[in-house]
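Peer 1: Residue strings, one per chain:
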Amino acid sequence: MEDKAVVLYIDDEYLNLSAFEILFRNKFTVFATHDPRKAFEIVKKNEVDVVIADQKMPMMTGVEILKQITEINNSILRIIHSGYIDDPEIKKAVDEGIAQFILDKPLNKIMMLKMIDVYMESKGSRTLL
Amino acid sequence: MGPDYSEKKFSVLIADDNQNNLKVLSAMLETLGYRVRVAKSGEQTIQSVETVKPDIILLDIHMPGMDGYEVCTKLKATEEYNDIPVIFISALSEVFNKIQAFKVGGIDYITKPFELEEVQLRVETHIRLKENTLMLRNALQELQKKEELLVQSEKMAALGVLTSGIAHEINNPVNFISNSVSALEERVKSIISDKKLPDSEMNDDFNKLFLNVATGIDQITKIVHSLRLYCRIDTDKKTGADINNLIESALTIMHHRFTYRIAVEQKFSSIPEIKCQPGRISQVFINIISNSIDAIEDAIKSEIIKEDQGKITISTVSNDSHVNIKITDNGAGIDKSIIKKIFDPFFTTKAVGHGTGLGLSICQSIIKDHNGSIIAESADKNGTAIIISIPLAGV
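Read top to bottom, the protein sequences are chains A and B.
Counting in the numbering used here, the first sequence runs from 1 upward without gaps.
Counting in the numbering used here, the second sequence runs from 1 upward without gaps.
Hints should not be assumed to be uniformly reliable.
[What the hints assert, rightly or not] Here are some of the chain A residues that sit facing chain B, going by a computed Cβ distance under 10 Å:
id, residue
1, Ser18
2, Phe20
3, Ile22
4, Phe24
5, Asp54
6, Pro58
7, Gly83
8, Lys91
9, Lys92
10, Val94
11, Asp95
12, Glu96
13, Gly97
14, Leu107
15, Asn108
[Said to hold, decoys possible] Taking lysine to aspartate or glutamate pairs in the EDC-like style, the calculated list, with each CA pair at most 16 Å apart, reads:
id, chain 1, residue 1, chain 2, residue 2
16, A, Lys109, B, Glu186
17, A, Lys109, B, Glu185
18, A, Lys27, B, Glu186
Hints are computed from structural coordinates only; laboratory data are not their basis.
None of the values given here were measured: they were computed from a predicted structure.
Cβ atoms here follow ideal geometry from the backbone N, Cα and C, with glycine treated the same way.
When you get a sec, could you build the whole thing from the sequences and use the hints?
Peer 2: Right, here's the structure in full:
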């Protein structure tokens, strides 16, 4: 049996979480939450392959969340999701390797699937449906 | 390097039909360093002023043709010449109406026979006064220009807050509409290719997805409506508006700043429409709500309140004469010592580079333009209330 990639999606807007989950539920095992603390628990308790985090959030920025995730599990593919391409915090995060990719908002589905596909292939252990 | 007034040669126009007087006064003033021009009649005086504008005029009253009073009246009525100080010259033996002299705009008078030193001192004094007044007027104009520039930059900054807020607000619904439509597309395609009717799970999905799309479109519509208020902000026409709607519009724009952390409570009563400039009134609310959010974020940082305890309450109520709006927050509050100053232009408690300090003073002038009032109350370190009152008659 081919395993689906495990994707964790973090966004403060409920409808974003809902739409993402419905759209990708057949392709991936999807975890979706607005709460960074829940996100950290999910990473601790599951073998998460990919994290996609919205940058503009009230409690912690997406970059801050990704930073903490690197400390829990450094091999996860980390993607920042944002409408602000000029955000200096994002640029710095990419430079430092805290975020490996940036996904523009609104979501470009094909680009995201490509990113995950390439990553999963390089990992070798699992493949996408 | 500005003009050096110590080197400037001031010019005096002496108007007198008496040749001797002219000689004596001219000689004296020339030795003192003044440039002297003379006129022997009222008409000549006016012509001389039109040819070379003097810094001061010594004006005899009793001259053939136009007398001194007439000349002075004419000069004071002309915008270009009315700032020239006029000192009347009169003979003790003549009838001299002091009141008349000052009424027509004369600034001083000297009586013949004159003491030359007195003449000299009076001329000096009045020229100095005029020069100082001119400098003050120029400085005032400079200040007014700078103030206009700062108000413009505050408007630009406010516009920046607006546009970045709007961009963010629109991006989110576009994002989930896009994802929802993608999901719908996949399901429809699978129905067509499998030739199977949707099962209950897919029906549930369809319901959720269509609802997402509808909600997203609603959100974007609200934002566009709010935007329309600001298109007209500079030439904001006066029109009837429901203040409750204007507050909701401001909340829509600021939405991204308070989603999970700050609770917003609306206690709106049914209030009549008020004739106002809707864009400017909304700007007031955006500014106040923005300040409240800042105060709450400060309070959370200083641990005065917990992360999820931030609260803003907005209430509206009307009586026979006014609509009253109260915006309270449980943020850091305003110290008693400065609460009277917060509406002063350029007063700010923020660090350099964070705001011009004009926001509240602009709010106050907008409310004043609507014949209303705005005050602030704060219970020391814990919460602020801004109370706005606008008459029903509006602007």
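Peer 1: Does each hint fit the structure? Answer for all of them.
Peer 2: Consistency of the hints with the structure:
no. : hint                   : result
1   : Ser18                  : 6 Å, holds
2   : Phe20                  : 6 Å, holds
3   : Ile22                  : 5 Å, holds
4   : Phe24                  : 8 Å, holds
5   : Asp54                  : 9 Å, holds
6   : Pro58                  : 4 Å, holds
7   : Gly83                  : 4 Å, holds
8   : Lys91                  : 17 Å, violated
9   : Lys92                  : 20 Å, violated
10  : Val94                  : 20 Å, violated
11  : Asp95                  : 24 Å, violated
12  : Glu96                  : 25 Å, violated
13  : Gly97                  : 26 Å, violated
14  : Leu107                 : 6 Å, holds
15  : Asn108                 : 9 Å, holds
16  : A/Lys109 with B/Glu186 : 12 Å, holds
17  : A/Lys109 with B/Glu185 : 13 Å, holds
18  : A/Lys27 with B/Glu186  : 12 Å, holds
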